[in-house]
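**Q** Chain by chain, the residues run as shown.
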Amino acid sequence: MTRWHLSRRSLLAGASGTVVAGTTLGRARGAYAAGKLSVGFWDHWVPGANDTLTRLCREWAEKEKVDLKIDYIPSQGNKLLLTIAAEAQARSGHDILAMNTWLPGSHAERLEPVDDLMKEILANNGPTNPVVEYLGKPDGHWRAVPATPGSQMKGPASRLDLMKEHAGIDLLAMYPPDGPANAAEAAKWTWDALLAAAEKCHKAGYPFGIGLGTTSDSVDTWGSLFQAYGARLVDEQGNIVVSSDATRAALDFSKRLAAFLPADAIAWDDGSNNRWLISGKGALIFNPPSAWAVAKRDAPQVAEKIWHHPAPAGPKGRFGPYLPYYWGIWAFSPNKSAAKSLLAHLSTRSAAEQLVAASQGYDIPGYTSFNDFKTWLEEGPPKGTLRHYPNSGDQILSIAAAPAPHKIAEQIYNQATITKMIARMVQGGESADKAIAWAERELEGFMRG
Amino acid sequence: MAQAAGGAYRERVVARGGSLARRRAWIAFFLCLPLILLVLALVVYPAFYSLHLATLNKSMTRFVGLANFTFLFKRETFWMVVEQSVIFAVSAVIFKALIGFLLAHLVHRLPDKGQRKWRGMLLVPWVIPPAMSTLVWWWMYEPSYSALNWLLRSVGLEAVPWLGDPYWARFSVILVNVWYGAPFFMIMYLAALKSVPAELYEAADIDGANAFQKLIYVTLPMLRNIIAVTVLFSLIVTFANFDIVRILTAGGPRDMTHVFATWAFKLGIESNDIPLGACVSLFMFPILGAAAIFILRDVHRRSRELAGVTG
Amino acid sequence: MSRAEATAAPAAFVPVASDLLRRRHWALWSAYFFLGLFCVFFLAPPVYMLVTSLKTSQEIAALEGSPWLIREPTLANYAALLGSPTFLNFFKNSFMVAIIVVSVTMVISTLAAFSLARMRFLGSTVLATGVFLTYLIPETLLFIPMFQIFTWLRDVTGIEFINRWWILCIVYPTLTVPFCTWILIGYFSSIPKELDEAAIVDGASTLQILFKVFLPVALPGLIAATIFAFTVSWAQFLYPLAFTTSIDQLVLPVGIVTNLIKGDVFNWGQIMAGALLTAAPPVLIYAFLMDYYIAGLTAGATKG
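Chains as they are written, first to last, in the working numbering: chain A, 1 to 449; chain B, 450 to 760; chain C, 761 to 1064.
A portion of the hints provided could be inaccurate.
Stated by the list, open to error - Label pairs and their in silico Cβ distance ranges:
#1 C/Ile830 x A/Asp372: 43 to 51 Å
#2 A/Glu236 x B/Glu532: 32 to 40 Å
#3 C/Leu979 x B/Lys566: 21 to 29 Å
#4 A/Lys69 x C/Glu824: 54 to 62 Å
#5 B/Ala516 x A/Gly230: 46 to 54 Å
#6 C/Pro833 x A/Gly230: 51 to 59 Å
#7 A/Thr190 x B/Arg602: 34 to 42 Å
#8 C/Leu979 x B/Leu669: 27 to 35 Å
#9 C/Val1043 x A/Ser244: 52 to 60 Å
#10 B/Ala647 x C/His785: 17 to 25 Å
#11 C/Ile830 x B/Val645: 43 to 51 Å
#12 C/His785 x B/Arg602: 31 to 39 Å
#13 C/Pro833 x B/Gly569: 21 to 29 Å
As the list claims (entries may be wrong) - Some chain A residues judged to face chain B by a derived CB distance under 8 Å, without partners named:
#14 Ala85
#15 Gln411
#16 Lys420
#17 Gln427
#18 Arg441
By construction, these hints were calculated from the structure, which means they are not laboratory data.
Values in this document were obtained by computation on a predicted structure and should not be read as measured data.
Where is the CB? At the ideal position from N, CA and C, for every residue including glycine.
If we strip away everything but chain A, and leave its shape as in the complex, we get (with noise of 0.2 Å):
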C-alpha cells in the first residue's frame, strides 16, 4: 500500500510537472493548451452512477490543476462507436475515449502503450481476469486501461419461483444468498440441464429468452455455450478450425434448445430479453442486472424473484461471458501524462468500489481481487440477488469467439457468426455440415489484413 502510495505520487508529480511546464508553453502554443484534459466516458444507464465518477475526477482534477472537460458518451445509437471511429480516423478529439471489449484492438497502433501505468495497477490490484488481459493487450501490450463503469457478466438472470416450479431447480441451494455456490449442487447445473428446463418451462407457458440475434447478447450467450463445448471457430494461430464434431455437438444442442425458444429470438436484440423478463412472459435471460434494475421501477414483483448466477456447463467446463470496458489514451493525446495520471486515479480499489456502489453493483471492475465489494451482498430485493453476479464458483470467464486472433474475433463476434449459424439451421432449414460450410467461407473473409 505504502509502496503504491508512493509510486502514485510520483506519477502524479511527474504529471503536474507537465501540466506546469505546458501551461507557459500552451500559450505560444494557442490551441491546445496543456493542462488541459478531455474525457469522453461510457455514458451510464443507472442514473446517478455519471455523478460518482464526475466526483472522482474532479477530485483528481482540483488536486492536479488540470482543466478537465467530461463528456458521457452513450452507446445507444452507435454513438460512441462513432466518435471512435471518426476520432481515430481525424486523429483528434477527445484524450481519453472509453472503449468496450474489440476496441482497444482493433486501434491498438493509433493507441498509447500504457504497459508502464498497467504495471503500476497491476502491482496493487492484483491480476486481472483472462478476458480483461486477451481483449486489453492484443498485440502484447496493454493498449488500454481497464475500466470499472461498464464492465460486466451476462449470466443467466433466473426466475426463482417458475424455475423451481416448472423445472424443478432450486437456484437458491446452487448459488444461495447468503454464501459461496455450493459446489456439489451447482454441478448439476449443465447445459443439458437448461435444455431439459428449457423444455419444461416452454411447455408451461414460459418459454425461455435467449435471443439467436446479432447483437452482444446473443453473441456473448451462444459464445458460452460453444466455449462450454470446446467449439473454436479459429484458434489462437489464426487457422480455421470450425468444422469439428466438437462444433458439431454444439450446433446440434443448439439446434434443440432452439425448439423452445421464442418464435421470433432470431430478431432479438439487447432490450429484447430485458423486456421478455420484465414482461414476465419468461423464466430466464442471458443478461446483467439492467433487466433486474428496470423491473424493480416498472414490475417489482417480477424483479423480487429474480436470481443471477453462472452460466451452465459443458463437456469442457463453465465458461461465463465477461465483458469488459476499457478507457484509452489516443496516441494524438497532447497531454499523454495527465491522461495516465486520471487513469491511474480511477483505477484504485476505493474508486472502483465508489463506483461500483453506483451502479447499483452493474458494474464488475476487471481485477480479480475486487469482487467482493459488499455492493453485491446488499443489493436487492431479492436480497443477495448479486451475490453470484461476479465470478462464482468454478466458472471461468470468457468471451465469444477468443482465443483467436484478436482481428479475426472482433470480425466473428461483430458478424455474430456463431449465431448465424445457428440461425441458418434454425430458420433455414440447414445442416449442419451446411452451416459449417457457410461458416468456413465467411472466416476466410475474416482473414483479409
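Since the structure of chain A is already known, use the hints to place chains B and C on it.
**A** Frame of chain A, contents of chains B and C only:
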C-alpha cells in the same frame, strides 16, 4: 411579341460587344461561387477521399488498388446485399408511387373544402422525423409488446413474427418505408393533377372516353414528368436509406434485410474495416447515377417535345 | 311520332341523370372509404406514440389489456421532458441549427439558381447537372473525410469545429443546397423571360433584377425550398450522431435516442413524448404553409 423583344435584347447585347457578355459571365460565376465552394469542399473532396480510402488495406497502411472490390465480388453476402437493396428500393418506390397516385386521385375528387383536411392528415407520416417514427414502428413490431400483434390476435389471427422471419422482416422494413414516403408522392401528384387543364378532360368526355381511358390518355401523359422526377428522387433516398433498416432490423435476421448503407456501416464502423465499408458505399453511386441519367434524359426530352408542341 | 319522341326523350334522360348522380355519389362515398382506410394506416403510428407517451412505465411494462388504451393517463413524461434543461437545450440547438441552415441554404441556392437559370458561363451547364449528382452521394461515405477536413481547419484556424452544435450549420447545407438549388432553377426558368428583359430595358442591374423581379414572383418556390431545408435539418440523424458528442451540443432526434435509451434500458413513455414534441414544429409548419409548399415544389420539379 415576346420573340421580338428577346431578339431586340439579344441584338443589343451583341452590339455592345463581348465585354458585356464577359462581365455577365463573371457575375454569373460569382453568384455560383458559394455553391461551388460548398460542393467542392464538402462533397467532391470527401467523395474522392473515400475513393482513396477504398483502395487501402484494412488497417489503412498500404495501397491495394482494386483488391477490396475483387474481395467484395467473391463474398456471397455482398451479392445478397445488392439483391436486397434493389428489392427494397424498387418495391418500396413502386408501392409509394401507386399509393401516392391513388390517394392523389381520391383527394382530387373530393369537394374543395374537405381537401385540405384530408391532405393534412395524409401528409403526417412524411413530416415526422423518420428516426422518431421508425422507433414507434419498431415498438409496434416488438415481439413481447407488439401492439400490431395484439390487434391481430384480437380479431382471431395468428401473431406475426414481424422482424423475426426474414421475409416478414423484409416486408416490415418496406412497409415502414412506404408509410413514410407515400405522402410525398401523393402531394406531388395532387399538385400536378390540379395543373392538368380541365379542357382536356372535357374534350375526352365529348369523345366519350371512360374514366380508365381518361387516366391512360390524359392524366398519365400529363403527369409523366412529375412521376419520373418523384420516382427518381425517391429511388435515390430509398436506395441510400440507413435509418429505417438500421433501427428496425440492423440487417438481420441472417443478413437478409441489409441494404448498402447498413452493410457498409456494419463493415466500416462496427467491424473497423473502413476501406471495405467505403467500397460498399461507393457501389451506390454508379447504380444511382445510371438511373438518374436515364430518367432525367427522358424528362428533358419530354420537356423539349412539350415545348415544341406549344411553342 | 315527333310528339312521342319528344316525350320519350326526357323520360329516357331522367334515369340516366339519376344514375350518373348515384354513380357520382357512390364514387365520392368510396373515395371517403379508401381515404379513411389510409388515414388509419398513416395515423396509427403517431396515435400509438401519443397513447404510449401518456402512460406510466409500469403500465407500459404490464402486459394487461389493450396496448392501445390508457388506463391511468399521466402527463409525467411530458413534464419530465419539458422540465429538463437538457431537453430544452436540444430544442434550442435544433432551432438554431435549422434557422441558420435555412438562411445559408436560401442565400446560396437563390444566387446559384438565378445564375444557372438565366445566365451562362464556362461550365454552367456542367454545374447544373453536377449539383444534382451531389445528391446521389450517400452521407455514410462522407462523414469520415469530413471529420478530417474539420480537424485540418482546426489546426489552421485554432477554432474547434468537432463537437460544436454549429458545425451542423456547415455540414447540413450539403444536404439542402443541391435540392433547393434544383427546385429554384426550375422555378426561375418558369418565369417568363419578358419580365427580366423589360427590366433590363429599364436599365436594372443583374442584382436588381434578382431582388425586384425574381424574388417576388418566385415566392412560392422560395417558401417550398425553405420548408424543405427546415425539414431536412430538423430530421437529420447520422451527421449529428457523428459530429456532436457532448450532451449540451446535441440536437433533437439524436438527443432523444441517445439520452432516453441507455444500453438495453428503454424509457418508452419519454421517448414517445419526445418524439411527438420533436414532430410538432414541422407538423405545424406544414399545416400552415402546405399550399405554398405544393405549388412551389411542383413548379420547380417539373420544369427542372
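**Q** Hint by hint, which ones does the structure fall short of?
**A** 4 and 5
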